[in-house]
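There are 2 protein chains.
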Amino acid sequence: MRRSRDVPMLVDRARAGDPRAVARLITLVESGDELLPQVAAALAPYTGRAQVIGLTGSPGVGKSTTTNELVRALRARDHRVGVLAVDPSSPFTGGAILGDRVRMQDHATDPGVYIRSMSSRGHLGGLAAATPQAVRVLEGAGCDVVLVETVGVGQAEVEVASLADTTLVLLAPGMGDAIQAVKAGILEIADVFVVNKADRDGADATVRDINGMIALGERGPGQWRPRVVRAVAARGEGIDELVTAVEKHHGWLVEHGELRRRREARAAAEVEAIALGTLRDRMGSLRAGTPLAALAARVADGSLDPYAAARELLDQLDLSDG
Amino acid sequence: MRRSRDVPMLVDRARAGDPRAVARLITLVESGDELLPQVAAALAPYTGRAQVIGLTGSPGVGKSTTTNELVRALRARDHRVGVLAVDPSSPFTGGAILGDRVRMQDHATDPGVYIRSMSSRGHLGGLAAATPQAVRVLEGAGCDVVLVETVGVGQAEVEVASLADTTLVLLAPGMGDAIQAVKAGILEIADVFVVNKADRDGADATVRDINGMIALGERGPGQWRPRVVRAVAARGEGIDELVTAVEKHHGWLVEHGELRRRREARAAAEVEAIALGTLRDRMGSLRAGTPLAALAARVADGSLDPYAAARELLDQLDLSDG
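Sequence order for the protein chains is A and B.
The first sequence begins at 1 in full-length UniProt numbering and counts up one residue at a time.
The second sequence begins at 1 in full-length UniProt numbering and counts up one residue at a time.
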C-alpha cells in the first residue's frame, strides 16, 4: 500500500529533474515490478512527444563513442537527452546509478542528460517489453530526445531498435559488417547508416557496399532512401552530418504522416504484448494441478491433439480482471 | 468441405506408407493450413512414441553428412527413420518432394526413410510451431526415430532443438565453434557433442575445450553429463559410437523419468503457443476500426497508458470459439 502511494510522488520528483527518482522508476520498469501499470499510468500524460533514436551495430564499431558524441551535439542544440544502453546478453542487472558507464563520464555532471544501462534480467517480457516503458520514464523526466543503444545481433535487438523513430546502423570498415547487416535483416531497419572509423583502410569499400545495397533495395516512390554518413566518432568528425541526417529523416517522417503511423504501430505491438503476457500468466505453468499441466500430459501420451488442448485451455481461461 | 473430408483418408494413406500422403500432410503443416487442427486430431492416436533426435551446428560442420550416416546406422538397426531438415533462413518453401536433398540420395529409394526440408515461410508461428506437427506426421507414418536437423544459430533454432529428446551439437576443429556454442547457449541444450572432421588439425584441442566446458558446467547429482564423440562422418567413422551415446542418453531419460517430463513440458509449451496464437489472431491487427487500433492511437498520443489499454483489450476479447 505504502509503495503504491509512492508512485505519483516518484513521478513528480522525476519530472522535477531528480535523477534518483528517474533511476528508481527505471529500476521498477526493468525488474517488471508489480507497480509497473501504476508507473505507466502516472507517466502517460507526459509521453508521446520525445524523438526516439535507435543506434545499433556489432561489438567494436564504436557505438558508445558515437552515442557520447551524439549526446554532445544534441546538448549543443539545447535538447534534453536520455540514453538507454541496452545489452540483452549482459549478466549484470541495470540497477547501477545514472552515469554508470565510464565512457559516458563526459556527461555525468550535466543535468540535461540521463544515461542508463539496461539488461533483460528479471523482466518477464525481456528487453522488448521493458524498453518502451523506460523510454516513457525518460520522456516523463523531460527528455525530448531519447537514444536507445543496442548491440545489433539477433532478433531481440531488432525488436528493441524497432521502437525508434529513426534507426542508425553503425558499421566499421573491414569487419564484414555489410554482409552481416543484410543477413540479420538490419538493412531493413536502417534509416541512416554510419560508417564509423572512416579514416581506416576499407572505408571507401564499405560505403560503396552499403550504397550498392541501398540501390538494390526495393522502395516505393514515397519511401525514405537510407542516408550514409562517414564518421570518426573518436575525433568527433561527421557527428554534425549525422545529426543533420537524423533531422532530415525526422522531417520526412512528419511530412509523410509516417511518424504517427510508426508510433501507433509500436503502441499496438506493445499493448498486444502486455495483453498476451497477462494471458500467458493466467494459463499457468506446468506445475501439477494446473489445467495446462493436465492437458499437456494428455497431448504427450497421444490421447489429445495440441489444437484441441489449446481450445480447452482457452475455454477454461478466466479473462476477468486478475 | 471436400478438402476437410480428405484429412482422415490422407492420414490413412500416410500410415500405410504412401510417401506422397506424408509429403502432402507436411505441406499442410508447414503452410499453417486451416486444416491443421484436423490433421493434428487425426494423427494424435499414433503419436507420442517416436524417439526425437535433434542435430544442430554451425554451417560447414557436416550436419547433412552426419545425418546421412546416422540414418544409415539406424536403418541397419531396423528403425524406420524420418528426417526433418529445418532451415529458418531458407527463402525456399519446403514444398519439395520427399528426398529433395541431393546429399540424401543414398536413402531416396528406401521405403523405411522419409526425408523432408522445411522452411518457416508461410507459417504464422514460424518453425517453432510447425516442427512439432511435422514430427507428428512422421510418427503417424510409422517412423520410430525422427531426426530434426537445424542450423545452430539464434533463438529459433534453439527452440526447434528443444523439441528433441536427445540433442546432438556438432562442432568441427578450428572453427571457433566452442566459444560460439557457449555464447549461443548451445552448451545448455547439448546432450551429446560430436566433434566431426576429427582427423583434422585442432581436433584434440576442440575435444579438450568441450570437456573443459562440461567439467565447469553445474550439474546436480542426478543430471546427465554430456558425452563427447569424435567422428569423421564423411568416412562413416564414429557413427556407431554416436548411436551408442544416443542410446545411452535415451536409456538415462527413461530411467530417470526425464523422458516423460521433457515431453510433457514440450507439449505444454506447444499448447500454450497455439492458444496464444489464437488469442493474438482475435486481438486483431492495426487495421482501422479494430479495438487494438483505437487503443494504440490513444497510447501513442499519451492519453492512455499501455497497461490500461491491454486491460481494455482483454475485456473486449471474445473467447468463444472463433
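In case anyone wonders, no lab produced these hints; they're calculated from the structure.
Computed from a predicted structure; not experimentally measured.
Worth double-checking, as some hints may not be accurate.
Unchecked claim - Taking CB as the label site, the calculated pair distances span:
#1 A:G289 to B:D78: 36 to 46 Å
#2 A:D281 to B:D281: 47 to 57 Å
#3 B:N211 to A:G289: 33 to 43 Å
#4 B:P291 to A:E188: 36 to 46 Å
#5 B:N211 to A:D281: 53 to 63 Å
#6 A:R225 to B:L216: 42 to 52 Å
To be verified - Not close to chain A: a few residues of chain B, all C-beta gaps over 12 Å, as computed:
#7 R200
#8 G202
#9 L276
No residue lacks a Cβ here, since even glycine has one placed at the ideal position from N, Cα and C.
The hints, checked one at a time:
Range check, A:G289 to B:D78: Cβ separation about 41 Å, and the 36 to 46 Å hint holds. In this structure, A:D281 and B:D281 break the distance hint of 47 to 57 Å, their C-beta atoms being roughly 20 Å apart. At about 41 Å, the beta-carbon gap between B:N211 and A:G289 stays in the expected band of 33 to 43 Å. Our hint of 36 to 46 Å for B:P291 and A:E188 is violated, since their Cβ atoms are close to 29 Å apart.
The hinted window of 53 to 63 Å between B:N211 and A:D281 is violated, with their beta carbons roughly 41 Å apart. Distance hint check for A:R225 and B:L216: the Cβ-Cβ separation is about 50 Å, which falls inside the suggested range of 42 to 52 Å. In this structure B:R200 is separated from chain A by more than 12 Å, as the shortest Cβ-Cβ distance comes to about 24 Å. No Cβ of chain A approaches the Cβ of B:G202 within 12 Å, the least distance being about 22 Å, so the stated non-interface status holds.
Interface exclusion of B:L276 from chain A breaks down, the closest Cβ pair being 6 Å apart, not more than 12 Å.
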